[in-house]
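K.L.:
The letter at position 160 of the sequence shown is residue 160 when you use UniProt numbering, and the numbering goes up by one with no holes.
By construction, these hints were calculated from the structure, which means they are not laboratory data.
This one's a predicted model, so the numbers in the text were calculated from it and none came from an experiment.
Each hint should be verified, as a subset may be incorrect.
[What the hints assert, rightly or not] Using 27 Å as the maximum straight-line C-alpha spacing, the simulated DSS-like pairs for lysine-lysine come out as follows:
id : residue 1 : residue 2
1  : Lys196    : Lys228
2  : Lys209    : Lys102
3  : Lys204    : Lys235
4  : Lys197    : Lys235
[Claimed, not checked] With beta-carbon atoms standing in for the labels, derived distance ranges:
id : residue 1 : residue 2 : range
5  : Glu236    : Thr198    : 19 to 27 Å
6  : Ser285    : Met124    : 21 to 29 Å
7  : His48     : Asn119    : 54 to 62 Å
8  : Gly106    : Lys65     : 47 to 55 Å
Every residue, glycine too, gets a C-beta built ideally from N, C-alpha and C.
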Amino acid sequence: MATLLSSKPSDNSIATTEGKDPTLTGSHCQYGPCNQLDFLPYRCESCHNVFCGDHRTESNHKCTKEGEWATRKRLQEIARPSLGAGKLKPDIEKACASPDCKTIIGTSLSIPNHCDKCNRDYCMSHRLNEEHNCAKLVPIGASSGRSFNQRAFISNTFTNIKLSWGKTKTSMTDRVLPKPKPSSPAARLVAVNTLKKTAKGDAKLPAEKRVYLYVEAEAATTKSKLPKGEFFYSKEWAVGRVLDAAAKSLQVENTNNQGEDERSKLRVFYVEGGRLLEFSEKLGSAVASGNTIVLLRGVGPAIPNLIEA
1 MATLLSSKPS DNSIATTEGK DPTLTGSHCQ YGPCNQLDFL PYRCESCHNV FCGDHRTESN
61 HKCTKEGEWA TRKRLQEIAR PSLGAGKLKP DIEKACASPD CKTIIGTSLS IPNHCDKCNR
121 DYCMSHRLNE EHNCAKLVPI GASSGRSFNQ RAFISNTFTN IKLSWGKTKT SMTDRVLPKP
181 KPSSPAARLV AVNTLKKTAK GDAKLPAEKR VYLYVEAEAA TTKSKLPKGE FFYSKEWAVG
241 RVLDAAAKSL QVENTNNQGE DERSKLRVFY VEGGRLLEFS EKLGSAVASG NTIVLLRGVG
301 PAIPNLIEA
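Make a model of the complete structure from these sequences and hints.
P.N.:
Structure representation (structure tokens):
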């Protein structure tokens with residue numbers, strides 16, 4: 001009688017032939033108690049042995065290196081650079097720095113255009129210097145150091161403006177300075193109605209877009225043929241544009257676009273607010289009808305709350 005072949009595979013059948021992929025040729029499950037031949041075995045990524053479908057998980061074949069593949073994968077993910085690595089963080093959405101523009105920049109459809117001269121961000125339409133009146137803007141974060149004592153000059157100028165507002169008058173009495181305006185609501189209403197009858201401006205400008213102002217040129221720092229006037233301007237105008245119009249109306253020499261020397265530049269002082277206005281501010285957001293603005297020369301960049309200082 002022929003000798004029956006043993007159905008038990010030899011020990012060598014457990015190991016795979018070197019260089020051969022057992023998942024393609026089939027292999028015996030390398031979980032000791034099983035040793036089942038499987039033509040679609042699974043390779044364990046932790047211990048690198050192959051197993052049948054019943055013992056493919058680490059817990060089922062009591063893997064001696066349980067969790068190693070998960071740890072290895074996690075370390076690889078940590079080491080892998082993210083999609084945004086090396087890229088600048090996108091700008092926060094904000095409005096174009098041009099006062100009259102409502103375009104939102106910092107989006108995927110509208111990239112901000114940074115102006116290195118005035119240190120502001122603009123939309124495509126206002127990216128050029130002449131489009132956003134760059135020459136008239138004070139750079140954001142500009143150094144306060146100057147070739148002349150600007151702080152002392154500002155202090156002296158506005159100390160005397162304070163004096164003209166009913167405080168002890170000890171010097172500079174020859175200045176042409178604003179007079180206090182009515183403080184009660186009724187008196188202000190009457191004053192504004194009177195101002196509307198006498199103020200000059202563009203007759204084509206709709207009434208709802210007008211701001212009526214008293215405009216004066218400070219005698220100590222400006223040479224004006226007309227010391228004061230009453231005018232109306234558009235609420236949408238930037239202060240820099242208002243300054244140009246006011247200087248032209250009062251016939252004050254305006255050289256703001258001809259150099260960087262603050263001693264020759266005109267600035268707009270907002271009397272009721274007690275501060276210099278930024279050239280880029282929108283007029284309608286800064287002042288109200290019946291207020292007074294004064295043209296001053298050589299007082300430097302805008303600084304807040306001088307009257308309250």
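K.L.:
Could you work out which of the previously given hints the structure breaks and list their numbers from low to high?
P.N.:
Result: no hint breaks.
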